[in-house]
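Required output: the full structure, derived from the provided sequences and hints.
Protein sequence lines correspond, in order, to chains A and B.
Residue numbering for the first sequence follows my numbering, starting at 1 and increasing by one per position.
Residue numbering for the second sequence follows my numbering, starting at 1 and increasing by one per position.
Quick caveat, the hints were computed from the structure, so don't treat them as lab data.
As the structure is a computational prediction, the values presented were derived from the model and not from experiment.
Cβ atoms here follow ideal geometry from the backbone N, Cα and C, with glycine treated the same way.
Among these hints, one or two may not hold up.
[Said to hold, decoys possible] Rough simulated footprint, nothing fancy, chain A against chain B, three-plus residues with beta-carbon under 8 Å:
{"hint": "1", "segment": "46-56"}
{"hint": "2", "segment": "94-108"}
{"hint": "3", "segment": "139-148"}
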Amino acid sequence: MMLGSYPSMVVRVVSAVLVPFMLMFGVYIIAHGHYGPGGGFAGGVFLAVGAILPRLTLPQEIAYRVFPAWLGPLVGGGGMLLFLLVAAAPMVAGGAFLDYGAIEVAGVEASRVRYLGILIVEVAVGLAVFGAMVLIFDVINGTEPHPSEPAPGPAGGSDTTPAPAGGPDSTPAPAGGCDSTQRPPGGAGSSQGGPR
Amino acid sequence: MIEALDVVLFLVLIVAAVLALIVRDLLTAVAMLTAYSLFVSLLFAGVSAVDVSLVEAALGAGITGLLLIAAILATTRHSDPHPDPRRRWVVLPLVGLFLALMLYAATGLPDRGDPEAPAQLGVSQVYITRSLEDTETPNVVTSLLADYRSQDTLGETLVILTAALSAAMVLVRRRDQDDHGEHRSQDHTEGGGAR
Numbered sequence: 001m002m003l004g005s006y007p008s009m010v011v012r013v014v015s016a017v018l019v020p021f022m023l024m025f026g027v028y029i030i031a032h033g034h035y036g037p038g039g040g041f042a043g044g045v046f047l048a049v050g051a052i053l054p055r056l057t058l059p060q061e062i063a064y065r066v067f068p069a070w071l072g073p074l075v076g077g078g079g080m081l082l083f084l085l086v087a088a089a090p091m092v093a094g095g096a097f098l099d100y101g102a103i104e105v106a107g108v109e110a111s112r113v114r115y116l117g118i119l120i121v122e123v124a125v126g127l128a129v130f131g132a133m134v135l136i137f138d139v140i141n142g143t144e145p146h147p148s149e150p151a152p153g154p155a156g157g158s159d160t161t162p163a164p165a166g167g168p169d170s171t172p173a174p175a176g177g178c179d180s181t182q183r184p185p186g187g188a189g190s191s192q193g194g195p196r
Numbered sequence: 001m002i003e004a005l006d007v008v009l010f011l012v013l014i015v016a017a018v019l020a021l022i023v024r025d026l027l028t029a030v031a032m033l034t035a036y037s038l039f040v041s042l043l044f045a046g047v048s049a050v051d052v053s054l055v056e057a058a059l060g061a062g063i064t065g066l067l068l069i070a071a072i073l074a075t076t077r078h079s080d081p082h083p084d085p086r087r088r089w090v091v092l093p094l095v096g097l098f099l100a101l102m103l104y105a106a107t108g109l110p111d112r113g114d115p116e117a118p119a120q121l122g123v124s125q126v127y128i129t130r131s132l133e134d135t136e137t138p139n140v141v142t143s144l145l146a147d148y149r150s151q152d153t154l155g156e157t158l159v160i161l162t163a164a165l166s167a168a169m170v171l172v173r174r175r176d177q178d179d180h181g182e183h184r185s186q187d188h189t190e191g192g193g194a195r
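Take a look at the structure:
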């Protein structure tokens, strides 16, 4: 409904420029959790915002090419799986659940193993939070799981044009969708011009 | 100086919360909630809880507002008028009672940074004194969350993922109801116009 190219070019350009920095900041927050504020939760959220912002502002085929819709469930489940594997690994080594120090690595002290265990857990939490947030956003917006295949048929035709041409073309779409409560004609425009 | 800042932040908090409840435009309400979370995170930073502050800024002021905006764009932007004005004569005394209860409970809390507080007397001393040599992690909060109490973190991560999957299960049914994109969009527009 509101997904798609935002009418203002300033918003599109600024969000496109900001996204890489958001992602980098998210990775930094996850990786820097040992030495400063941060960790998996906050870093995963930053990553998720970096993935969601293009869906709100940029043309659909670009946003979903960079961050496909299947990324949410896959990355989220993968992060959770990684966490569970790290949690269960010490049990194989004879330790307790989640007791990373029980894993004996030659030449590495137990405290260092726990340090690395914390790092892996933070990454796993970050991935799980990223996937969960992207999945929530996608289902709220009712996105198709593979929007690139069904969308170009009836509704996505106007959106397959490149961004400079698609921008003005689909300009009434988001604006109409925004005010669809007040102006039903605008809403109808959004349903035709919108990607879905 | 810092306490004066605290007072100002608390006043801004209350104003933001009340405004978020009063305004008819839901987008403005979301903006108010986002501002509320931002000032809460400032208050957390003021009591040296930088980790909590960062998470509050990212979750409360960042992604929650984003998800709420997405929900507004998917539904409607204006809240319904109040159903029955007499309802406030039930709600207001309840809110006042709850406020009095919370204030009464707050008087029994230990002071901030009190070394004799119950929370400081248990295992937390061990965590604080030993975390560096145990885990080589300077940030105690991280070693607490991901090592000593990693089972809590495991549970939290499970909860977040379960919440996302539940939302997917509830909301994704909308897609199954119709296979034709045009029909679906028309339904949505009619629904939006009727509201």
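Hint-by-hint comparison with the structure:
Proximity of the segment 46-56 of chain B to chain A, defined as three or more residues with a beta carbon under 8 Å from a beta carbon of that chain, is established by the 5 residues found. Counting residues of the segment 94-108 of chain B whose CB lies closer than 8 Å to any CB of chain A gives 0, so the stated coverage by that chain is violated, three being the minimum. Residues of the segment 139-148 of chain B with a Cβ under 8 Å from some Cβ of chain A number 7, which satisfies the need for three, so the listed coverage holds.
Hint violations for this structure: number 2 only, all remaining hints satisfied.
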